Each structure stands twice: as C-alpha cells, then as structure tokens.
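Residues per chain, in single letters:
Protein chains: 2
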Amino acid sequence: MNAITDPSAALIETAARAAKAAAAELARAPRPAKDAALRAAAAALRATAPAILAANAEDLAAAPDLSAAFRDRLTLTRSRIEAMAAGLEEMAELPDPVGRVLSEWTRPNGLLIRRIAQPIGVIGMIFESRPNVAADAAGLCLKSGNAVILRGGRESLRSVAAIHAAMVAGLREAGLPEAAVQVAPTADRAFVGAMLRAAGLIDLIIPRGGKGLVTRVMEEARVPVLAHAEGLCHTYVHAAAEPEMARAILANAKMRRTGVCGATETLLIDAAIAPSLLPLLVADLRALGCDFRADARARAVCPELPAASEQDFATEWLDAILSIAVVDGVPAALDHIRRYGSEHTEAIVTADAAAAAEFLNGLASAVGLVNASTQFCDGGEFGFGAEIGIATGRLHARGPVGLEQLCTYRYHVLGTGQTRP
Amino acid sequence: MNAITDPSAALIETAARAAKAAAAELARAPRPAKDAALRAAAAALRATAPAILAANAEDLAAAPDLSAAFRDRLTLTRSRIEAMAAGLEEMAELPDPVGRVLSEWTRPNGLLIRRIAQPIGVIGMIFESRPNVAADAAGLCLKSGNAVILRGGRESLRSVAAIHAAMVAGLREAGLPEAAVQVAPTADRAFVGAMLRAAGLIDLIIPRGGKGLVTRVMEEARVPVLAHAEGLCHTYVHAAAEPEMARAILANAKMRRTGVCGATETLLIDAAIAPSLLPLLVADLRALGCDFRADARARAVCPELPAASEQDFATEWLDAILSIAVVDGVPAALDHIRRYGSEHTEAIVTADAAAAAEFLNGLASAVGLVNASTQFCDGGEFGFGAEIGIATGRLHARGPVGLEQLCTYRYHVLGTGQTRP
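These protein sequence lines are chains X and Z, in that order. Numbering of the first sequence is given in full-length UniProt numbering, commencing with residue 1 and proceeding in unit increments. Numbering of the second sequence is given in full-length UniProt numbering, commencing with residue 1 and proceeding in unit increments.
Heads up, some of the hints might be wrong.
Because identical chains share one entry, a pair is satisfied inside a single copy or across any pair of copies.
Unchecked claim - The calculated lysine to any residue pairs, modelled on SDA-like cross-linking and capped at a C-alpha distance of 20 Å, are:
1) 20 x 199
2) 20 x 311
3) 20 x 335
4) 211 x 222
5) 20 x 383
6) 211 x 300
7) 20 x 339
8) 211 x 104
Worth flagging that the hints you see were computed from the coordinates, not collected in a lab. Since the structure is predicted, the reported quantities are computational estimates derived from the model, not experimental observations.
Input sequences plus hints: build the corresponding full structure.
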C-alpha cells in the first residue's frame with residue numbers, strides 16, 4: 001500500500017516528517033533547554049493531575065472486562081503521577097548524553113578525528129496499556145535529543161493523551177519544538193503496522209510489552225528494532241559457593257519480583273554441593289511461595305520435588321516457579337545455558353575466582369554476574385538513572401538501554417587542507 | 001516456507017548452526033591463534049595462487065558476456081592475490097578488538113560493572129562478483145572473532161571457493177574451527193533469501209555491492225543489516241575559504257576516484273566567493289575530465305555550464321559529473337544538504353572557525369570534515385587498518401566499519417553477595 005491508499009501510511013508520514021524536523025532542532029538544543037522542558041513537564045503533570053486521572057477513569061470505564069493485572073497496569077493514581085513527575089526531574093539531573101567525545105585521535109597526515117555521541121533521530125515507541133511508559137519514554141527521548149512518536153495500547157489512549165499534553169506543555173515552556181513528542185493520531189491498529197514499515201521516516205522502533213507485541217514488532221518491522229525478546233536467566237551455584245551467600249542470592253534472584261525479565265528462572269547447582277545445599281535452597285524458596293520443576297539428579301537429593309520436562313528448562317516462567325538441574329562444573333553449566341538460555345543475564349555464586357572467570361568468559365549473555373542477584377540487570381541499578389527497556393539483540397546495545405544507548409555517533413574530522421593520495 | 005519445504009532454509013540452518021558453534025569457540029580464541037590463522041591463510045593464498053587463478057579463469061570463461069567493468073572486478077591476478085595475502089597479514093598486526101574493557105565503574109553497593117567488547121556472532125556477507133571481498137571479509141570477521149557465511153555473486157563462485165579453501169587451511173593450521181569461515185553451499189538465488197530470513201541463526205547481514213543488491217537486502221532482511229545505502233556527498237566552499245586550498249580539496253574530493261562512496265557529488269559555494277573562485281574550480285575539474293550540472297546562480301557566473309535539474313541534486317553520480325549550487329552562508333548550505341543529501345560525508349572549506357563549527361554542529365551526517373577531502377571517509381584513512389564497508393544507517397555503527405564496529409559488548413558484574421533491595 002502507498003500513502004494514497006493507506007491512510008495510516010499518510011498519517012505516519014506526516015507525523016514522522018514533523019518529528020524529523022523537531023529532532024534536528026532537539027539534537028542541537030543545549031542541555032539547559034532540555035532540562036527546563038523536563039522540569040516544566042513534571043510541573044505540568046502535577047498541575048494537570050486531576051485531568052489525567054479523569055482521562056484514566058474514562059479509559060477504565062470504557063474497558064470493563066479487563067483482567068485484574070491489566071487493570072492494575074492501566075490504572076493511574078496520584079502517587080503514580082507523582083512518580084512520573086519525579087522521574088522526569090531525575091532525568092533533568094542526569095548528564096547530557098549528546099555531544100560527548102567518545103574517542104579522538106590524530107592521523108599521521110594531521111587529520112584530527114573525533115567520534116561524537118549524537119541522538120538517533122526519530123524513535124517509534126510502541127507499548128502496551130501502561131500509561132506511565134509514555135512519560136518515561138518521552139522524557140528519556142527528550143533528554144537524549146530524540147523525537148518520539150508514542151503509540152500506547154488502545155485501552156490507554158485517553159490517559160496517554162493527557163500525559164502527552166503535559167509533555168508538550170514542558171516543550172513549549174522551554175521553547176523546544178512541540179512535535180518532538182507526539183502521540184499516534186489514531187487508535188487504528190493499522191497505524192502500528194505503518195510505523196513498523198516507516199523505513200527512512202522512523203529511525204528506531206522500541207517495543208515494550210508482552211511477548212506477543214514484541215514478536216509482532218520483530219517480525220513485521222522494516223525499521224531497526226531495539227527489543228526485549230526473552231529473559232530466561234540462570235543462577236549457577238558452584239561447588240565452591242559460600243552457602244549463606246548462595247541462599248541469599250537465589251532467594252532474591254528468584255523471588256524479589258518474579259515478573260521481571262532479570263528474575264532467575266533456572267537454578268543450576270553443582271553435584272558436589274547439591275546434597276548439602278539444595279535442600280536449604282528449596283526450603284528457603286518454598287517458604288517464600290515458590291514451586292519447583294527438578295531434573296532427576298535434583299530429585300535424587302530432594303525426592304519431593306516435581307519432575308521437570310525438557311520444555312520446562314526452555315520456559316521463562318515470570319512466576320514463582322524455579323527449574324532446577326544438577327550439573328558437574330562450569331563447562332556443564334555453560335552447556336545448559338547455551339542450550340536453553342536467552343543470552344540475557346546469568347549469575348554464578350562461587351568463592352573460586354578461577355571458576356568465576358571461566359564462567360564469565362564462556363558466556364555470550366548480555367550480562368554475567370559473579371556473586372550477585374540476576375535482578376540487578378536494570379538501568380537504574382547499573383547507574384544509568386533510568387532505562388527505556390532492556391535489549392536482547394546483538395546489535396547497537398545490549399542489556400539496559402539508558403540515555404547513552406539512545407544515542408548513535410558521528411565523526412568530526414578537522415583538517416588543514418589535506419587531500420587523499 | 002519452512003525448512004522442510006524450502007531446501008535453502010534447511011541449508012542455511014545447517015550452515016548457521018555450524019557457524020554458531022564455531023563463533024562460540026572463536027569468541028574465546030586467544031589473539032595468537034587468530035593471528036596465526038590469518039598468516040597461515042595468507043601463505044595458503046600465495047601457495048595456491050595457481051589454483052585460484054585457474055578457478056578464476058573458469059569463472060571468466062563461463063560468463064563471456066560481461067561488461068568490461070564487471071570483468072575487471074571479477075578478474076584475479078597474481079598481484080591481486082598478493083594484495084589479499086598482504087591484507088590478511090596486516091590484519092594480524094592490528095590489535096585484538098575482542099575483550100577490550102570499554103568502560104568500568106563501581107556502584108554505591110560495591111558492584112563493579114565492566115562493559116567488554118565481544119564478537120557479534122555469525123555474520124552473513126552478501127557481495128557481488130569481486131572475489132577479493134571474500135578474503136577481506138573473512139579476515140576481518142576472523143580477527144574480530146565472528147564466524148562468517150560468504151555469499152558472493154554467482155559469476156565468482158569458483159574463485160570464491162578457491163579463496164575459501166585458503167582461509168580454511170589457515171584456520172586448520174591454527175587449530176581453529178573450520179566452520180568459522182563458510183561459503184554458501186549452493187549458487188541458488190533462493191539461498192540469499194534464506195540468509196536474509198535467518199533471524200536467530202545469523203546475527204548480522206552485511207551487503208556489499210551496487211544499489212540493487214543493497215536495496216533488496218534492506219527490504220527483505222529479517223536479520224539486522226549494516227548497509228551502505230548511498231553516498232551523496234557535498235563539499236561546501238565557504239566565503240572565507242582559502243582559494244588554493246579549496247581548489248586542491250575539491251579536485252581531490254571529486255576526481256581522485258569518482259566511483260567511491262566518499263566522492264563529492266555536489267559543490268556548494270557561497271555567493272560571496274563564487275564570482276572569483278567558481279571559474280577556477282570549474283577549469284581545474286574540466287581539465288581533469290569532469291562534466292557539470294549547475295543551478296541558475298552558478299550559471300550566472302559561468303554561463304557555459306549545463307543547467308542542473310532538481311533531480312540532478314538528488315543524484316549520486318559515481319562518475320565524473322559535479323552538481324553545483326550557489327548558496328548564501330552556512331544555514332543555506334545545511335538546508336541544501338538536509339534536502340538532497342544522504343547523511344554520508346560532507347566537507348566545508350573555510351578559514352573561519354566559527355563557520356566550521358556551525359557547519360559541523362548542523363550536520364546529521366556520519367562524517368563531517370573541515371578543510372579536507374570527502375574521500376577520506378575510509379576505514380584505512382581513519383586508522384582502522386581495514387574496513388568491511390561503510391555504514392549509512394543510524395544504529396550500531398556509522399561511517400567506516402572496521403574491527404571495532406564488528407564487535408558488540410556484554411557486561412561483567414562482580415559482586416560480593418549483593419542482593420537487590
């Protein structure tokens with residue numbers, strides 16, 4: 001379909017052209033202007049909280065048959081609005097990621113070459129019905145000098161529109177182009193497809209939501225995508241683990257929050273330590289409400305555990321369920337992770353530095369941890385201040401995606417009349 | 001189509017699985033092993049030069065109706081084989097891009113976070129009938145720890161197979177997995193389509209060739225692509241340009257080699273300096289065999305120049321033709337570049353530092369130069385030692401793609417028992 005026959009393509013072209021012009025202006029905006037816009041947007045969120053809550057109530061009323069979890073994600077409260085506002089103010093405090101000299105060198109012919117961070121351009125943010133994502137994503141894009149087109153879930157459109165109004169108020173007050181933060185002009189599902197096909201108009205698509213949404217985006221997109229596919233994370237308790245440390249780390253890695261991508265889904269434990277430690281680990285987790293799927297060797301130690309199927313080890317539970325396998329040393333643990341893992345985040349618990357190094361060096365995962373919880377895979381915990389998501393691909397960025405990862409680079413080459421031989 | 005009904009999909013799956021296993025091994029290979037493989041492959045290229053030349057003669061004999069330029073690209077000679085071998089030996093001298101600590105910081109909770117360069121994984125290299133690309137690409141992938149599947153143009157298959165044999169001999173001699181460098185097992189065109197759809201099996205596709213090939217790859221690929229789309233480069237001669245420098249730079253930027261992507265296609269010249277300088281620039285280039293397409297204001301200065309159409313300014317000539325437009329200062333030059341350019345490489349010639357800064361800051365292009373030729377946009381000239389291509393997208397890498405750009409990163413996080421609050 002072309003723009004004449006496909007109204008969504010025409011709409012995205014108009015939106016993206018305005019966004020591109022705004023992005024060019026935003027890319028050159030000095031830090032104080034961007035920070036002023038963030039702070040003004042935070043103030044506008046607070047000032048218009050009654051209107052945002054009213055829009056949210058309309059969204060909720062229009063969709064009475066939602067599940068409890070869906071309703072919870074869709075629902076805004078005073079404190080959630082305050083959290084969005086505070087998040088924008090925190091972004092204003094972060095250093096400007098744009099214009100950093102990433103590296104610099106001089107060639108024998110005298111050319112000085114500088115690699116400089118710059119915004120990516122126009123970002124298409126496609127997310128499910130969690131309206132607060134609109135403020136977080138808009139703020140991160142603004143701070144990193146990118147324009148953004150927000151397309152939230154259909155059930156959240158009124159809430160997102162109200163939040164968008166506050167973001168635009170912030171841009172206006174700071175004298176920045178209002179088209180830098182846009183919302184989808186239509187609830188039509190075809191608009192998402194048009195965004196995904198908008199190569200040359202949108203520079204990057206970031207999907208945020210469940211596996212269905214992300215899979216659709218990755219399959220259909222003609223535009224580069226920075227996506228979170230799957231987080232099937234492992235905690236490997238090595239034979240030389242300090243038992244109390246292993247207990248504390250596993251309980252946290254599995255049960256702190258079970259629905260986050262950095263939650264541990266599978267425990268690998270060395271055969272040498274399983275007889276003494278596995279019963280304690282299981283008891284700890286059972287007390288926290290966790291269920292189990294164990295291989296035959298783990299059931300030889302703890303016969304009461306339910307048996308795991310092959311498929312269980314390939315399952316991202318996102319729930320209070322732990323798969324357990326007994327292994328024989330680091331190479332076997334790495335084999336298991338290569339076979340079933342998603343290259344997201346894996347941890348080893350060990351007091352043996354050589355084993356830790358062997359484990360880290362053998363991993364292809366975005367994040368490998370030694371003696372720490374897999375739940376640390378998070379932009380805030382990495383010190384990025386905030387994150388727009390976690391990337392599970394191999395290109396551009398891996399792991400938490402913060403302001404720095406929302407930038408690309410360009411080269412400035414300073415000469416004195418050089419020509420190429 | 002699935003693997004059962006599509007023989008190409010089954011072939012690529014087999015090849016890519018072997019490549020993935022080889023890539024995992026290569027990612028951990030120490031530098032001496034990789035360098036030994038490169039040097040042994042160079043020796044094998046020299047030792048098997050007669051066989052390579054014979055294969056090349058068969059390729060040439062099998063395709064008698066090629067254009068002269070095509071034949072030239074396809075033809076191998078003793079000196080071209082020597083250049084390939086020397087190129088591999090030069091790569092062996094370059095620093096290992098894998099394992100570099102890109103940054104490192106400690107969090108308030110004591111976690112030490114390291115961002116470390118690592119290979120991307122399995123690269124699919126799709127190129128036209130220039131057999132030497134096989135050696136260059138295989139060498140760069142090997143040095144950067146990536147496995148590669150090479151798919152050259154149909155006319156070059158025997159030549160590429162003979163070069164591939166030398167690369168495999170090098171891997172074998174160094175004790176590295178032979179599946180790290182593979183060639184397409186079939187000349188079937190459907191194999192290219194299967195490579196482009198091999199998401200999850202191939203991590204990155206790099207196309208190298210004409211616009212037709214690159215456009216097909218960018219439109220069809222379900223795998224991330226690092227591509228060179230277009231190089232419509234500008235040289236802007238500012239009012240404060242030193243005239244002799246402008247003459248030398250423009251002649252080099254346009255005429256050193258007209259078929260390379262960094263060649264200048266359009267001259268922008270300030271109205272203030274055009275009356276005195278444009279006739280000299282035109283005379284210089286005309287003496288070198290260049291033709292022109294000039295806007296009305298340029299023709300007011302040099303009436304003998306042919307008139308440019310709007311389309312001429314949007315044309316990447318890759319030939320001895322120069323589009324010329326007269327502009328009024330930096331903002332007008334930037335407007336022209338934004339309207340017609342491809343965000344590849346642009347240069348300003350000026351003695352005015354403020355104008356140079358204004359120009360650089362206003363550009364979105366991958367490379368902006370001050371007082372130097374646009375033909376410097378090249379991996380070798382940037383000091384990368386060698387390049388696998390030039391990237392024109394916004395994600396992952398921009399400009400010359402060398403060993404560093406053939407890497408991604410991962411995080412190692414070192415703790416002492418930390419759990420997340």
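Status of the hints after comparison with the structure:
1. 20 x 199: Close inside one copy (13 Å), not across copies (29 Å); limit 20 Å.
2. 20 x 311: Neither, since 45 Å and 22 Å both go past 20 Å.
3. 20 x 335: between (46 Å within a copy, 14 Å between copies)
4. 211 x 222: Cα proximity of residue 211 and residue 222: in one copy and across copies (19 Å, 17 Å).
5. 20 x 383: Classified as neither: same-chain Cα gap 30 Å, cross-chain 33 Å, threshold 20 Å.
6. 211 x 300: neither (35 Å within a copy, 62 Å between copies)
7. 20 x 339: between (43 Å within a copy, 12 Å between copies)
8. 211 x 104: Neither: 41 Å inside a copy, 32 Å across copies.
The earlier numbered hints that this structure contradicts are 2, 5, 6 and 8.
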